[in-house]
Each structure stands twice: as structure tokens, then as C-alpha cells.
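Participant: Assemble the complex: chain A is given as a structure, and chain B must be docked to it using the hints.
Here are the chains, one letter per residue:
2 protein chains.
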Amino acid sequence: MDNALLKQHEPQSVLANADPPAELLHQLQPYDLSEMLREMDEKKRLKWIAALPLTLAAEALEYLEPELQYETLNHLDGNLASMLLKQMSSDMIVDMLLAVHPLQAEKMLKMLPEDYREKINALMRYPEYTAGSLMTVDYVSARAHWTGEQTLRHIRKVGGEAEIISYIYVTGMRGELVGIVSLKEMILAHPQTKLADIAKKDVISVPADMEQEEVAAILSRYGFYALPVVDRQNRLIGIITYDDVVEVIQEEATEDIQKLGGSQPLSEPYFKTSVWSLYRKRIVWLFILFVGGAYTSTVLESYQSTLDKVVSLSFFIPLLIGTGGNTGSQIISTLIRALGTEEVKFRDLFRVIRKELVTGLLLGISLGIIGFFRAELMDVSVAISMVVSLAALFIVLWSSLVSAALPLVLHRLKIDPAVVSGPLISTLVDGTGLIIYMSIAKAVLHL
Amino acid sequence: MDNALLKQHEPQSVLANADPPAELLHQLQPYDLSEMLREMDEKKRLKWIAALPLTLAAEALEYLEPELQYETLNHLDGNLASMLLKQMSSDMIVDMLLAVHPLQAEKMLKMLPEDYREKINALMRYPEYTAGSLMTVDYVSARAHWTGEQTLRHIRKVGGEAEIISYIYVTGMRGELVGIVSLKEMILAHPQTKLADIAKKDVISVPADMEQEEVAAILSRYGFYALPVVDRQNRLIGIITYDDVVEVIQEEATEDIQKLGGSQPLSEPYFKTSVWSLYRKRIVWLFILFVGGAYTSTVLESYQSTLDKVVSLSFFIPLLIGTGGNTGSQIISTLIRALGTEEVKFRDLFRVIRKELVTGLLLGISLGIIGFFRAELMDVSVAISMVVSLAALFIVLWSSLVSAALPLVLHRLKIDPAVVSGPLISTLVDGTGLIIYMSIAKAVLHL
Chain A
1 MDNALLKQHE PQSVLANADP PAELLHQLQP YDLSEMLREM DEKKRLKWIA ALPLTLAAEA
61 LEYLEPELQY ETLNHLDGNL ASMLLKQMSS DMIVDMLLAV HPLQAEKMLK MLPEDYREKI
121 NALMRYPEYT AGSLMTVDYV SARAHWTGEQ TLRHIRKVGG EAEIISYIYV TGMRGELVGI
181 VSLKEMILAH PQTKLADIAK KDVISVPADM EQEEVAAILS RYGFYALPVV DRQNRLIGII
241 TYDDVVEVIQ EEATEDIQKL GGSQPLSEPY FKTSVWSLYR KRIVWLFILF VGGAYTSTVL
301 ESYQSTLDKV VSLSFFIPLL IGTGGNTGSQ IISTLIRALG TEEVKFRDLF RVIRKELVTG
361 LLLGISLGII GFFRAELMDV SVAISMVVSL AALFIVLWSS LVSAALPLVL HRLKIDPAVV
421 SGPLISTLVD GTGLIIYMSI AKAVLHL
Chain B
1 MDNALLKQHE PQSVLANADP PAELLHQLQP YDLSEMLREM DEKKRLKWIA ALPLTLAAEA
61 LEYLEPELQY ETLNHLDGNL ASMLLKQMSS DMIVDMLLAV HPLQAEKMLK MLPEDYREKI
121 NALMRYPEYT AGSLMTVDYV SARAHWTGEQ TLRHIRKVGG EAEIISYIYV TGMRGELVGI
181 VSLKEMILAH PQTKLADIAK KDVISVPADM EQEEVAAILS RYGFYALPVV DRQNRLIGII
241 TYDDVVEVIQ EEATEDIQKL GGSQPLSEPY FKTSVWSLYR KRIVWLFILF VGGAYTSTVL
301 ESYQSTLDKV VSLSFFIPLL IGTGGNTGSQ IISTLIRALG TEEVKFRDLF RVIRKELVTG
361 LLLGISLGII GFFRAELMDV SVAISMVVSL AALFIVLWSS LVSAALPLVL HRLKIDPAVV
421 SGPLISTLVD GTGLIIYMSI AKAVLHL
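Chains as they are written, first to last, in UniProt numbering: chain A, 1 to 447; chain B, 1 to 447.
Okay, chain A solo, but in the shape it has when bound (with noise of 0.2 Å):
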């Protein structure tokens, strides 16, 4: 990264002097700043803020956590905070007073004007992970007999208050939704052109309640800047831009990750959530789990005659269903990125299980072959290396076949796919695992 004035003044000259450098302050990054104050004691993070322009402010402010945003608005000088309030975009305003005690939020919404304060409370009240709670107020809005000419005047007016400006949204008499200018397009127009005339009237827009993460597929689809939200009337109401679906996009995935490690996600970052909150995340599975492999143990159990004669076939246990375990975890991960990404949709069941039973039979007989040769490395005899090495081969064309079915199954069934985790299959095919193992060797072994 380039960023020569951050090089010439290192942070620590920087943040020795209490007065911020003047040529600095309006050249860095909102989020470079942000960085600063959070480093900063009170004293000088109120001095600093003061001296800078009120949008460079605002922005570095919306960078900050809920908490440290309330702390510094509170102890500002009231106009100045109520300035800097203002300016922040809705969405972060709403995360902020969200974040902290309600008499604290209610002490902050004052600071607003009556009009914005209504929005900001009304935006306050849809639930979270819905479209409703990701999107700003603060847009351009304009009318479809404007020219180009007359809209860059009304943006000149009332622009900086908005978030992005690069779509105008053109809104009827009632306020509902009627068409998209994209900047661009009006800019490369005649300035007398109407917008009528260049507005894409077949909008995409979402209503308020859908949720967050088919709110980032649509946008990543299309590839758009932003989306506008409606309500049930298509009255505009909202709109959602593209850093919020990046953060979205981040959520979901960390999502997937830890339901596939076998424990539910946790909603907040790792270190700001509780042991015990953690405890009650991951019981859940490790419960259902434990009491579900447990039926390993009635599977050995009902084996005990055959193991009291061969004992060492209990020494290939351990290795033999990792084995299953580990084909499963292998198989589940890629299918169930694919699904979430709709790469692969239960209509293509059969070609899945053809392609990973084929696959399962490259790798059975690799690890069969290796499994013989280990278990000859051991005081057995070659009828137990043959068990070994043909459990080994059958175990994984079952993994195979299981992995490949669940999630496709559990996906059309319209269970989130996600709660097959490598945990859960390895315990599926654990028991199953055994029952090959043993049959095999009392076939073989003739006990």
C-alpha cells in the first residue's frame, strides 16, 4: 500500500503532538483516522475531532465501535455532537444506539432533528439480519419530469447528506419507487434530457423484511452499487450499498466455517463472546453427538464374541473410521459450498453420488492398498491385513455415498445443509463404519 503522508508522520510523532497537524488531518483516510483515535486518551480524541472538517469527523467516527462512538458524542460540546450525529449515515446511527443502554440512545436521538429522529426510529425497529436493518436513509431521490441539469442541482443541495449518490431514484407522487438513474448514465446524457427518458423503470428493489443474505446475492449478482428498499406499497424507503453487503457476505461465510466445525456460530467476535456463551454454543453438538455415537458402543458390544477371539482387530478401530470420518468431512465441505453458492441443486443427486462413488473407488483402493501394508508392519496375521485393507475400501465407498446424498437430501428437504458438519458425518459413519469392519472380518476370519 502506498500511503506516503501515513510514512512521513509515524504514528507516534503523530500522536505525541496533541494538536492535530492541520495539513495531515485533512489528507489521511476516514479509516486511518479512525485508527488514531482509537488510540488516543479522551482529551486529545475530543480536541482532535473539534479540529477536524465536520464530514472527515463523521466518517472516522462511523469506523469506531458503538460504545466509543456514544463515549465520544456524549462528552463533545452538544451543537458540535449533534453536527456530527447528523451527518453519520443512518444505518451506522441505528447501529450505535442499538449498541448501547436505551437511556443513552434516547439522551443521543434528541440531538436529532424531529423529522430524522422519526426515521431513525423507525429504521431502529426492523429485526436484525433482514434487509430493513442494513439499509440507510440517506439517499437521492428525484422526480421522473427533472432534467439532468435540474437533478444535479438538486444533488448539489442535498447530496452531502447522502450516502452514494452514483444512483438517483426516481419516486412518484406517493413516494413509490418508478425508476434508476445511474450518475453515470445522466452525466453522459444531454442536460436537458428528462429523467423519464433515461430511468430504468424495470427496477430490482427488496422489500424490508427479506433476509440479509439473499439481499447480497441479488446485489452480487447484479453487481450494483446499492439496492433500494421497499415497503409493501413499493414506496421507497431505503436503500442498501455495497459495504454493508461485503460485511454481510464475511458474516455468512464465517458462518458456514463454524457450522461446519460442528458448533452453532457464534454472533459476536471471539474474544467479545463468554465462555459460557461459548459453552452453550458447542454443547448443543457435542451432546447430540456424544449421545449419538454412543450407539458405537452397543455396535462393539454386540461384536464382543468376536473380539474376545481376535483382540487385535480393536487396534484398526480407531484408524479405520477416522478413515470414514475423514472421506465424509472431505466430501460435505466441498458440497456444501457448492450448494450455498448453487453450483449444485438436489436435481443433480445422481450426478453427485456417481462422481463421488467413482471417486470413493479411487481412494478405497489406494487406502486399501496402504491399509494392507500397515497392518503387515504389525504382529498380525495376513487374514487381518486383508480385513483391514477391504474394511478400509468398503468404509470409504460409504462415506462416499452418504456425504454425497445428506446435504443434497437435507437441502431439498429445506433443512440448511450447514448442520451436516464434519463432527456430525464422522459420527454417522462411525457406527456404520464398525458394522462393515466387523462383517468383514467374521466373513473372513470365519468366526
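Source of the hints: derived by calculation from the structure; they are not laboratory data.
Each hint should be verified, as a subset may be incorrect.
All copies of an identical chain are treated as equivalent in the list; a pair is satisfied when it fits inside any one copy or across any two copies.
What the hints assert, rightly or not - With a straight-line Cα cutoff of 25 Å, these simulated BS3-like cross-link-like pairs (lysine-lysine) come out:
{"hint": "1", "residue 1": "Lys-184", "residue 2": "Lys-194"}
{"hint": "2", "residue 1": "Lys-184", "residue 2": "Lys-200"}
{"hint": "3", "residue 1": "Lys-107", "residue 2": "Lys-86"}
{"hint": "4", "residue 1": "Lys-184", "residue 2": "Lys-157"}
{"hint": "5", "residue 1": "Lys-281", "residue 2": "Lys-355"}
{"hint": "6", "residue 1": "Lys-86", "residue 2": "Lys-44"}
{"hint": "7", "residue 1": "Lys-86", "residue 2": "Lys-184"}
{"hint": "8", "residue 1": "Lys-110", "residue 2": "Lys-86"}
{"hint": "9", "residue 1": "Lys-107", "residue 2": "Lys-119"}
{"hint": "10", "residue 1": "Lys-272", "residue 2": "Lys-309"}
{"hint": "11", "residue 1": "Lys-355", "residue 2": "Lys-345"}
{"hint": "12", "residue 1": "Lys-355", "residue 2": "Lys-272"}
{"hint": "13", "residue 1": "Lys-272", "residue 2": "Lys-47"}
{"hint": "14", "residue 1": "Lys-194", "residue 2": "Lys-157"}
{"hint": "15", "residue 1": "Lys-201", "residue 2": "Lys-184"}
{"hint": "16", "residue 1": "Lys-345", "residue 2": "Lys-414"}
{"hint": "17", "residue 1": "Lys-200", "residue 2": "Lys-47"}
{"hint": "18", "residue 1": "Lys-345", "residue 2": "Lys-281"}
{"hint": "19", "residue 1": "Lys-272", "residue 2": "Lys-345"}
{"hint": "20", "residue 1": "Lys-309", "residue 2": "Lys-442"}
{"hint": "21", "residue 1": "Lys-281", "residue 2": "Lys-414"}
{"hint": "22", "residue 1": "Lys-157", "residue 2": "Lys-200"}
{"hint": "23", "residue 1": "Lys-86", "residue 2": "Lys-200"}
{"hint": "24", "residue 1": "Lys-119", "residue 2": "Lys-184"}
{"hint": "25", "residue 1": "Lys-47", "residue 2": "Lys-86"}
{"hint": "26", "residue 1": "Lys-414", "residue 2": "Lys-157"}
Facilitator: For chain B alone, kept in the frame of chain A given last:
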């Protein structure tokens, strides 16, 4: 999604018309159009494309697979094909040319004007997964002494070819990047304002050889819509837009998930990956884990006399080692993601270990209690139930310690912590879990 036009024109009825309905075509989203084009036979596809406005046709083409793009361009009238190709963004052209046969690429390149052809040729030389491979050369640059009005005129002239106009890149005499002006700020400022007065001079840019993961991290950290790419002399050579970064984020998440499942990540979509290639990606880790896991057999063999005396001890082997693996899998999936998003660092090692050991203690006690009663349900002595219960507790604790430390230590050693997959951690704690189990058994049962 509210897509009234699509609803009016059911795809079937639209597709039944060989002639594209003009009103529909001008209003459709490029993505939706591309979905329709993909379903058509070639004759109809060519007819539709010829009837579409050029920019819309080019945008829709960009959503098609490289092979289909090539086929379409190759069979269109040469003049139209060349205009369409010029209209496509340069990163898309590069993707297409790299996907088809070199001779076909050569043929396409000949359609482009010479200077543009050189640019494309240069773009094609950047290695995959670097900033250079993601960038497009279709941006708007301007000079510092231009006024807002002048710049707008310039954009009207050249902006049609640009992928975005949200940022205007200010370059110096030698093409070096000296500042960035957001279109928003330029429009909000007085038309006579010089770019030099509103440009951010402390530019965040990336070198062409930066890894795409890092590019994605920078873009999402700052919330930019696009990042400029510069050469060693700080000359602007291209820009990377957020939609490419979203794709990178998705790819990286897919890779992490596949690695976590214990497989080398696939480089192609699932159905494009051959069985042989699936085999090669998977056998590596399966082989390592099989050979590594084989030490469990040696461990058990060394306890042969114990197992001979109390064969029922073997009943609980799969359950206990499975639980160790499950605990580990939960922890590493959380930590690997937290390391990836830089939420956790090596300096947090002891904090992480403490947190995981306390959580592990709670989990171990819970599972120990359940384990005792589970064993009691079977035909074994109370002493054995005690052994199972204690083993569950200590195996969970041990697995927590290993799984908490290992990813952080690897990260510190500059080894991708994602090599610690669920299967790897399971295999690691399988053998040690058996030692814990057997040692407790020998101590409690006085064997």
C-alpha cells in the same frame, strides 16, 4: 424482488418470440438478459444481440461463460463483434482470452484497435490471484489543474467506456497517480473548483503484484468502491472494482471451507472438476492422515494385555476419540476464521488457551457426567463407567489445549493455519486420546 417486467413477460413467452420485444429489451437488467441468452439456440442469440443497444449487449455478454462469449463474438458480424468487444470491460476481455485457445484469443485480439490490444496483452501477463489479474484499464483519469466543469466535459466524452466514474484519478506528467477525486465531491463543489483543491492526495493504492486476498482486505477495510493499481514508478495502470473483490472474498471463503474439510481446495467449480482431479486433491491429505493415524494401532497394540483382560474397554474407543475430535473441530473452525479476519493474533495465545481450557472444563464435565450414565446403561462395571467419565473429561481438555494452540503457532510460523483441518485435529488427538483413556483405565482398574 420486484421485477414487474419479467413477471409480465414470462420467460417462455419471451423465448418463443424469435424477435426480441423492443420495449422489454431496453428495460431488462443485463444479468437477467444474460440468463435468457444462455437458454437460446445460437441463431436466436445472435439475432437478439444484434437487436440490442450496444452497451446493454456488451454488459449482458460479460455475464456469460468465456467459451460462450467467444462463440457468440466469433459468429456475429465482424463489425458488430469488434464494437461489442471494445465495449466490454478489459478485465472481462482478459478472462475470456485466457479461457479460450491461444489461436482463438489471437483472432479476438485482432478485432481491437492497436493501442487497446497492447493494453489487453499487458493485462494478460499478470499472474493469476494478483491485483494485476483483477484490474481493468477502463477508468477516468484527469489532470490536477482541470476544473470540475472541464472534468465533467471530459467524462461525457470518455466516460462511456469507463467501468465506473465514481472516482476520477488525477495523474501527473508521467502518468503517476497524484490524487483521487470522488465524483460526489466534485459535483458538490463549485463547477470552477480545480481538481487539485478537492483531490485526496494521500492515495491508497496497491501494486500490481499484491495478492488478491490482501487487495480484498484493503478495499473492504476502507469501504472503497474501487482501488487504483500502480506500477513501481507509482504510475496508474488500472483499477479494481468492488464486484471483483466480492468474488475474491467468496473464492477465499470456499477455499477455507474446503481446506477445513481436509481437502486441497478445488481450482474449478465442482462439476468442472474431473474425478481424477478430485482424487488427487483428496488423496494427499487422506494419505497423510491415514499414515499418521496408523499410530493409533501401535498405541492400542501396546495396551494389548489391558484390552485382553477387559475387552469391554474397547467398546468406548470410538465414542471417546470421536468426542476429542469433535471438540477440536469446533475450536479450530472458530480460530482459523478469527485468524483469517485478523480478529485473533499470535500475541493472544495465552488468552485463547485460557479461554478454551475453561470452556473445555465445562464441556468436559458435562460430557463426563453423560458418559458415566451412558456406560452404566451397558453391561459393564461401575469402575469402567468411572474410567469412561474421567477419560471424556481429560480428552476434551487435552483436545482444547491442542486445538487452541496449534492454529496460532502455525500462523506465527507463517504456515497457513488452515492446514489444521477438522480431520487433522481429529487424527492428532485420536492417538493421544487413546493414551489418556488407557492410562486412566490402568490406574482406576489396577491393571
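Participant: Look at each hint and say if it fits the structure.
Facilitator: Hints, verified against the model:
| no. | hint | verdict |
| --- | --- | --- |
| 1 | Lys-184 - Lys-194 | both (14 Å within a copy, 21 Å between copies) |
| 2 | Lys-184 - Lys-200 | both (13 Å within a copy, 21 Å between copies) |
| 3 | Lys-107 - Lys-86 | within (14 Å within a copy, 56 Å between copies) |
| 4 | Lys-184 - Lys-157 | both (19 Å within a copy, 12 Å between copies) |
| 5 | Lys-281 - Lys-355 | between (35 Å within a copy, 14 Å between copies) |
| 6 | Lys-86 - Lys-44 | within (23 Å within a copy, 54 Å between copies) |
| 7 | Lys-86 - Lys-184 | between (28 Å within a copy, 19 Å between copies) |
| 8 | Lys-110 - Lys-86 | within (11 Å within a copy, 55 Å between copies) |
| 9 | Lys-107 - Lys-119 | within (16 Å within a copy, 57 Å between copies) |
| 10 | Lys-272 - Lys-309 | neither (54 Å within a copy, 49 Å between copies) |
| 11 | Lys-355 - Lys-345 | within (14 Å within a copy, 40 Å between copies) |
| 12 | Lys-355 - Lys-272 | between (43 Å within a copy, 11 Å between copies) |
| 13 | Lys-272 - Lys-47 | neither (29 Å within a copy, 58 Å between copies) |
| 14 | Lys-194 - Lys-157 | both (19 Å within a copy, 20 Å between copies) |
| 15 | Lys-201 - Lys-184 | both (16 Å within a copy, 24 Å between copies) |
| 16 | Lys-345 - Lys-414 | within (12 Å within a copy, 38 Å between copies) |
| 17 | Lys-200 - Lys-47 | between (47 Å within a copy, 23 Å between copies) |
| 18 | Lys-345 - Lys-281 | between (29 Å within a copy, 23 Å between copies) |
| 19 | Lys-272 - Lys-345 | between (37 Å within a copy, 15 Å between copies) |
| 20 | Lys-309 - Lys-442 | both (11 Å within a copy, 22 Å between copies) |
| 21 | Lys-281 - Lys-414 | within (22 Å within a copy, 30 Å between copies) |
| 22 | Lys-157 - Lys-200 | both (24 Å within a copy, 22 Å between copies) |
| 23 | Lys-86 - Lys-200 | between (31 Å within a copy, 24 Å between copies) |
| 24 | Lys-119 - Lys-184 | between (29 Å within a copy, 24 Å between copies) |
| 25 | Lys-47 - Lys-86 | within (20 Å within a copy, 53 Å between copies) |
| 26 | Lys-414 - Lys-157 | neither (49 Å within a copy, 51 Å between copies) |
Violated hints, in rising order: 10, 13 and 26; the structure is consistent with all others.
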